[in-house]
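Construct the complete structure from the given sequences, taking the supplied hints into account.
There are 2 protein chains.
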Amino acid sequence: MSDKVTIATVAERAGVSRQTVSNVLNAPHIVREETRRRVQDAITALGYRTNQAARQMRTGRSRLIAVRIEPTRDGINGSVLDRFLHGLTETGEAAGYRTMLYTATDAEREIAVYDDLLGSYDLDGFVLTGTDHGDPRTSWLAERGVPFVTFGRPWDDLDAHCWVDVDGAAGTAQATTHLLASGHRRIGWIGWPAGSGVGDDRRAGWSDTLHAAGLDPTGLARETVDGIGEGERCARELLARATPPTALVCASDSLALGALQAVRATEPAVPVIGFDDTPVAAAIGLTSVSQPLGDAAARCVDLLTAVLDGPHRTPAPVLLQPTLVRRRTA
Amino acid sequence: MSDKVTIATVAERAGVSRQTVSNVLNAPHIVREETRRRVQDAITALGYRTNQAARQMRTGRSRLIAVRIEPTRDGINGSVLDRFLHGLTETGEAAGYRTMLYTATDAEREIAVYDDLLGSYDLDGFVLTGTDHGDPRTSWLAERGVPFVTFGRPWDDLDAHCWVDVDGAAGTAQATTHLLASGHRRIGWIGWPAGSGVGDDRRAGWSDTLHAAGLDPTGLARETVDGIGEGERCARELLARATPPTALVCASDSLALGALQAVRATEPAVPVIGFDDTPVAAAIGLTSVSQPLGDAAARCVDLLTAVLDGPHRTPAPVLLQPTLVRRRTA
DNA sequence: TTGTACGCGTTATCAT
DNA sequence: ATGATAACGCGTACAA
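If you read the sequences in order, they're chains A and B.
To convert a position in the first sequence, counted from 1, into this note's numbering, add 53.
To convert a position in the second sequence, counted from 1, into this note's numbering, add 53.
Do not take every clue at face value.
[As the list claims (entries may be wrong)] Partial selection, computed: residues in chain B whose CB lies under 8 Å from chain A:
hint: 1; residue: 122
hint: 2; residue: 143
hint: 3; residue: 146
hint: 4; residue: 333
hint: 5; residue: 336
[Said to hold, decoys possible] Computed beta-carbon distance windows for the label pairs:
hint: 6; chain 1: A; residue 1: 111; chain 2: B; residue 2: 378; range: 47 to 55 Å
hint: 7; chain 1: A; residue 1: 271; chain 2: B; residue 2: 246; range: 53 to 61 Å
hint: 8; chain 1: B; residue 1: 376; chain 2: A; residue 2: 173; range: 37 to 45 Å
hint: 9; chain 1: B; residue 1: 86; chain 2: A; residue 2: 173; range: 25 to 33 Å
hint: 10; chain 1: A; residue 1: 367; chain 2: B; residue 2: 367; range: 45 to 53 Å
hint: 11; chain 1: A; residue 1: 149; chain 2: B; residue 2: 196; range: 21 to 29 Å
hint: 12; chain 1: B; residue 1: 148; chain 2: A; residue 2: 147; range: 29 to 37 Å
hint: 13; chain 1: A; residue 1: 161; chain 2: B; residue 2: 72; range: 30 to 38 Å
hint: 14; chain 1: B; residue 1: 376; chain 2: A; residue 2: 71; range: 55 to 63 Å
hint: 15; chain 1: A; residue 1: 147; chain 2: B; residue 2: 113; range: 26 to 34 Å
hint: 16; chain 1: A; residue 1: 367; chain 2: B; residue 2: 318; range: 56 to 64 Å
[Claimed, not checked] Simulated coverage check for chain B against chain A, where a stretch passes if three residues somewhere in it have a Cβ under 8 Å from a Cβ of chain A:
hint: 17; segment: 95-105
hint: 18; segment: 151-162
hint: 19; segment: 173-180
Since the hints were made in silico from the structure, they are not lab data.
The model shown is predicted, which means the values in this text are computed figures rather than measured ones.
Yeah, the Cβ is synthetic: ideal placement off N, Cα and C, and Gly gets one too.
Printed below as a string of C-alpha cells:
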C-alpha cells in the first residue's frame, strides 16, 4: 500500500511549492497554464485527494450537509422521504457535498443535534423536511446564521427563509378537476385536522376547485389523523350521508387506502384519489397525486449551495407542480 | 454569538493546561479526581465539543461510517433499506458514529466512491448491503484492510469477513410449515433465478421443508425477476398445471402481490405468503415474512465498532431469525 | 510563485 | 502520578 499522498507529495513531484498546488486546486486561473498542467498531471498520477479535515481546519467548511431520517411510521408514507433522500445524496455528490444522516424524535432534540453537528463536524448546512407553523428549528438556525433549506414552506411567512415545496393545492385541484370532468358533482374530502400547513394547503385545492365550479363543499369533508383505519371510518361516515359523495379525494395514500375499503361494495364504484403516489398506490392501482421528489431534492441542493458558495443573499423559493397519476381507482 | 470554544478555552477556565483537558477526555483515569471534575464542569459550562476535524488530523479516524442509499426500484422493497438505514443511524449515534450516505450505480463505481471517501474523509468503516457471490466490493475493501460489515452473507465463504444476515431459509420454512399445518400438500414457490445467494437461500427453506414432510416439490417452483407482473404470470402458470398448488410462497412481497392478482378468483382461496413484510403487505393484508431490520442494523454497528475500537480480530457473524406475520392471505 | 504562520486536538517528551 | 511544553498533521491565507 502506497504512502499517504498529500499536497507536499504532489508539489515535490511537480517541482513546485505546496502553495502552488493549492492554488491549482482552489484558484486555477492565477497559475500559469504550463505549471497548472504539470501539477494536474502529478495529482492524477499520484491519485491525490484533498484531506477534507485539513481543509476544514483552515476554511471552517466541511462540505457536509445533514438531513434527518425519520422512523418509518405507518410505513406507507416513509417511502416519500426515502426517495427524497436518494435525490439529495445524488445531487449533493454532484455538487461536491456529502450527506450526513441524523435522527431526532422531536424538535427540541433535533435542535440539540444541530448544536452537536455544528460544533463537532462544522456542518455546512441543513435540509429540513416537514415544516409547520411556528417551527422552532428554523428560528434556531436562522438566529445563528446557519445555512439551511426546508422542503416545505415556512407557512407563517413565505419570505422567512429559503425553501422548496410542492404545490399541494394544485395537486388536489388536479384530482378534483379530474373527477369533475368525469361528471361527479358531490366530491368528498378526507384530510387532516385544520392547522397543519400541508393539510390546509391540500384541502384548499379541493374546496377552491369546487367553489370555482359553482359547487358547495359544505359537509363533504372529514378530518382525522393519518392512517388506513381512520380513512375507512371517515369514508363510511361520508357515504352514510343523505346525499353521499360520489367520489373521494384524500390527503394521503394511507387515508385513500382506508377509503377504498369503505367503498369496495358501493355500486356504482366510488372513485378514490390519494396523495403521494407511494409504492402502495402503484401496487394496488390507486390513482394518486405524485410529487416530483427527485426534483425537489435537487432544488434543495441548488438553493443550499447557492447560499454556501455564493454571496449572502437568500435565493428565491421554489414551488414545484405535482402530477396526477391515473390508475384503476379514478 | 459566543466565540468558538476550544480545548484552550476550557483549560483556561479550569485553570489547567490544554493537555490536562485532553487527558480528561481521552484518559480520565490518569487525572486526579478533583481536577477531572473541575475540567468537566468547565466543559459543560462552556458547551465544549471536540472538533472532529482536528482530532481526525491526529488520529486518522473520523467517527464516520458510510452506507449506500439505493434508488427506489419498484418501490415496494425500497422500504426495507429505509428501515435499515434508520436503525443504522440511530445505533451509530449511540455509539458515537455518524452515518454518511453515498450513491453508486454499480460495483465498480461503488469502489471508486470508497476510494474517494477514504481519501477525502478518512472514513472509519463501511456497511454494505446486498452481497452476492464473488462480490468485488468486499475483496477490494479487505485487500486494503478497510473495516466493513455486510448486511448479507459472503455466500462463497462464510468466514471471509464480518457479516450480519437474516436467515431467509428459516423464514420461508416458517411460511411453508404454516401452510402445511393448514393442511396444504401442494405448496408452490415463486422466486428468483438460481445463482443469487439470497434467492437460493429463501428457496431452500421452502424445498427443504417440503422434503422433510415427505413431499416432492418438483414442478411447483417458478423463477423470474422481481416484479408484480412477473409474480402474476408465474402464479398463473402454476395454477394452470394439471395438479396446481393449493398455496404459494413467494421470495418477495412484489411477487406475492402479483400472485394475489392471479389467485383472486380461485375457489377455494389460494393462500399467498410474501417476504419482507413491506408496508404494502401490511396495507393489503398480505401474510409475509418479517426481517428484524432494526436489530440487523444495530448488530452491524456493534460489529463495526468492535472492529474499530477493539483489537484486530474479526467478530463472529450474526444470523438473525425472521418471523412470520400472519394476515388475511394465509 | 513561494515562504510562513495558523487552526485544534493529540502524542511524545520533559519537569515536578 | 500529574502537569506543562513542544511538535505534529495538512491545507490555506496572507504577505513577500
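Each hint tested on the structure:
1. With its C-beta approaching chain A no nearer than about 5 Å, residue 122 of chain B sits inside the 8 Å limit, and its interface hint holds.
2. Given the 8 Å rule on beta carbons, the hint for residue 143 of chain B holds: about 5 Å separates it from the nearest Cβ of chain A.
3. Evaluation of the residue 146 of chain B hint against chain A yields a held restraint, the C-beta minimum of about 6 Å falling below 8 Å.
4. Because the closest C-beta pair between residue 333 of chain B and chain A is about 5 Å apart, less than 8 Å, the hint holds.
5. Contact between residue 336 of chain B and chain A, as hinted, is supported at the beta carbon level, the nearest pair being about 5 Å apart and thus within 8 Å.
6. For residue 111 of chain A paired with residue 378 of chain B, a C-beta distance near 54 Å keeps the hint of 47 to 55 Å intact.
7. A beta carbon spacing of about 57 Å between residue 271 of chain A and residue 246 of chain B agrees with the range 53 to 61 Å that was offered as a hint.
8. Separation of residue 376 of chain B from residue 173 of chain A is about 38 Å and conforms to the stated range, judged on CB atoms against 37 to 45 Å.
9. Between residue 86 of chain B and residue 173 of chain A the C-beta distance comes to about 27 Å, which sits within the given range of 25 to 33 Å.
10. Range check, residue 367 of chain A to residue 367 of chain B: about 51 Å between beta-carbon atoms, so the 45 to 53 Å window is met.
11. One distance hint, 21 to 29 Å for the beta-carbon pair residue 149 of chain A and residue 196 of chain B, holds here, with the actual separation near 28 Å.
12. Judged by the Cβ atoms, the range 29 to 37 Å given for residue 148 of chain B and residue 147 of chain A holds: they are separated by roughly 31 Å.
13. For residue 161 of chain A and residue 72 of chain B, the Cβ-Cβ distance of about 36 Å falls inside the hinted range of 30 to 38 Å, so the restraint holds.
14. In this structure, residue 376 of chain B and residue 71 of chain A meet the distance hint of 55 to 63 Å, their C-beta atoms being roughly 59 Å apart.
15. Range check, residue 147 of chain A to residue 113 of chain B: about 28 Å between beta-carbon atoms, so the 26 to 34 Å window is met.
16. Taking 56 to 64 Å as the suggested C-beta distance range, the pair residue 367 of chain A and residue 318 of chain B conforms, at roughly 59 Å.
17. With 5 residues having a Cβ less than 8 Å from any Cβ of chain A, the segment 95-105 of chain B passes the three-residue criterion, so the hint holds.
18. Check result for the segment 151-162 of chain B against chain A: holds, 6 residues qualifying (beta carbon to beta carbon below 8 Å, three or more required).
19. With 3 residues having a beta carbon nearer than 8 Å to a beta carbon of chain A, the segment 173-180 of chain B meets the requirement of three or more and the stated coverage holds.
Comparing the model with each numbered hint stated earlier shows that all of them hold.
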